[in-house]
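Participant: Read off the chains here:
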Amino acid sequence: MCLAEAVAVAALLAADPAFDAIVTSATSTSHEQALARMQEWVDAHPGDPESARALVWMARLRRSDGRDEAARALLERALREGPGTEWALHAEKALGDLDLEAHRYAPAIARYDHLAGLPAPLWRYVGSSAAGHARGERTRFRILIAILAALAALSLARVIRAGGPRSLWPPPAELLWLLPVLLVLLAAAAAQEAPEARAVVSLSLGGAALLWLNGAWLRARPPRRMALPALLGLGQALALLYCAMVWNGLWDKLVDTIAMGAQ
Amino acid sequence: MRAAPWLAFCVAYLAAWFVSTAIPVPLLWHLPVERRFTFVVHPLGLGADFYGRLLLCLGAGAVAFVLARAALPKLRPGLIPLLLVWTCGLLLFTGGLYVYTLASRQPIPAPLPAGYVPR
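Chain order of the listed sequences is W and C. So that you can map any letter, position 47 of the first sequence is 47 in my numbering, and since no number is skipped, the others follow by simple counting. So that you can map any letter, position 6 of the second sequence is 6 in my numbering, and since no number is skipped, the others follow by simple counting.
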């Protein structure tokens with residue numbers, strides 16, 4: 001999608017035939033070749049107001065290759081070289097997106113708020129909606145950190161009270177019983193897209209860790225009533241599901257799926 | 001302990017069924033219209049993967065059976081309940097996957113063959 005966006009962005013205002021040729025070549029040649037040709041174009045046109053557009057295009061191509069730091073350098077250069085242009089605003093939005101993905105919420109929100117304060121209605125809308133989304137992400141991330149801290153503290157306290165790490169061996173029956181299900185889940189993750197695969201792996205490994213810790217605790221200190229440990233285990237499983245969704249950026253997808261259905 | 005190899009067979013059979021459904025793997029497909037078999041991930045036309053998947057899972061189960069039978073003298077009696085739990089767990093899990101997959105499926109009828117005349 002980033003490549004398609006990059007081509008579309010360049011095609012919007014393309015005027016120089018050489019620029020056009022480089023952009024269209026990105027679909028047939030390697031990204032490295034297209035980027036090298038665009039770099040030559042930028043170097044050959046010092047001070048050209050269109051160079052910021054070229055840098056934004058290059059940054060989006062870098063992002064589509066997963067090279068976010070290289071994209072960041074190009075976007076910062078676009079901001080420096082095209083102040084006051086449309087492309088500086090595109091660069092600012094893209095820098096905010098990079099900060100958001102890296103969980104740097106304050107700089108991302110500051111960039112989006114700056115865009116929301118512009119007089120142009122389009123950028124006001126883009127900035128305000130992105131800022132609202134980033135604030136939601138920040139809240140969910142803080143909840144995730146609190147949940148992880150609570151799970152870690154509970155697990156540590158239980159291991160200590162159960163007699164230390166030796167209480168974890170041998171692995172409890174709770175883990176052994178569900179081991180094949182966790183293993184086939186891990187295998188199935190190989191067929192998913194990257195965020196979904198990471199979420200399934202997080203759930204499988206996190207579930208294995210929780211089963212191990214809870215099973216060892218119940219073995220060391222058998223409870224009189226099982227209702228409370230069962231409820232706590234259910235809560236831990238839901239917390240793990242929340243963490244896997246938020247950490248892997250699947251929260252919006254989950255909300256959309258609930259609102260609009262799987263199709 | 002004689003049940004151990006058969007339970008190992010069930011575990012491997014069900015695990016192969018789940019994994020081969022969740023991951024696109026090449027299978028033997030029966031093409032009923034063309035009346036032939038083909039070995040692909042997914043054929044373009046109308047095809048049934050049942051026979052190929054059955055063969056794959058029987059093969060996986062047979063390997064587990066042979067391995068468990070060879071290791072029979074070393075197996076502990078406590079392994080039987082564990083294998084039974086694994087079998088039940090995988091059966092429920094694989095069944096759940098198929099219920100989920102089939103519940104949301106909307107069948108699209110294949111086009112009638114060229115030259116077909118309804119009687």
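Hints are computed from structural coordinates only; laboratory data are not their basis. Think of the CB as a built atom: it goes at the ideal place given N, C-alpha and C, for glycine as much as any other residue. One should not assume that every hint holds.
Over 12 Å on every C-beta distance to chain W, these chain C residues come out as not near it, computed from the model [said to hold, decoys possible]: (1) Pro32; (2) Phe37; (3) Thr38; (4) Gly45; (5) Leu54; (6) Ala70; (7) Pro81.
Heads up, incomplete: computed chain W residues facing chain C, CB under 7 Å, no partners named [stated by the list, open to error]: (8) Trp177; (9) Val184; (10) Ala187; (11) Ala190; (12) Ala194.
Participant: Taking the hints in turn, state whether each one holds.
Facilitator: Going down the list of hints, with the structure as the test:
1. The claim that C/Pro32 is not at the interface with chain W holds, since no C-beta of that chain comes within 12 Å of its own (minimum 27 Å).
2. At roughly 24 Å, the least C-beta separation between C/Phe37 and chain W is larger than 12 Å, which holds for a residue marked as non-interface.
3. Every C-beta of chain W lies more than 12 Å from that of C/Thr38, the closest at about 21 Å, which supports listing it as non-interface.
4. The claim that C/Gly45 lies off the interface holds: its Cβ sits roughly 23 Å from the closest Cβ of chain W, which is beyond the 12 Å cut-off.
5. Every CB of chain W lies more than 12 Å from the CB of C/Leu54, the least distance being 18 Å, so the non-interface label holds.
6. No Cβ of chain W approaches the Cβ of C/Ala70 within 12 Å, the least distance being about 20 Å, so the stated non-interface status holds.
7. Interface exclusion of C/Pro81 from chain W breaks down, the closest Cβ pair being 9 Å apart, not more than 12 Å.
8. Satisfaction of the interface hint for W/Trp177 is found here, the shortest Cβ-Cβ separation to chain C being roughly 5 Å, below the 7 Å cut-off.
9. About 5 Å separates the beta-carbon of W/Val184 from the nearest beta-carbon of chain C, less than 7 Å, and the hint is met.
10. Below 7 Å, beta-carbon pairs count as interface contacts, and W/Ala187 has one with chain C at about 5 Å; its hint therefore holds.
11. Of the supplied interface hints, the one on W/Ala190 holds, with its beta-carbon coming within about 6 Å of a beta-carbon of chain C, less than 7 Å.
12. The interface hint given for W/Ala194 is broken, as the beta carbon of that residue sits about 15 Å from the closest beta carbon of chain C, more than 7 Å.
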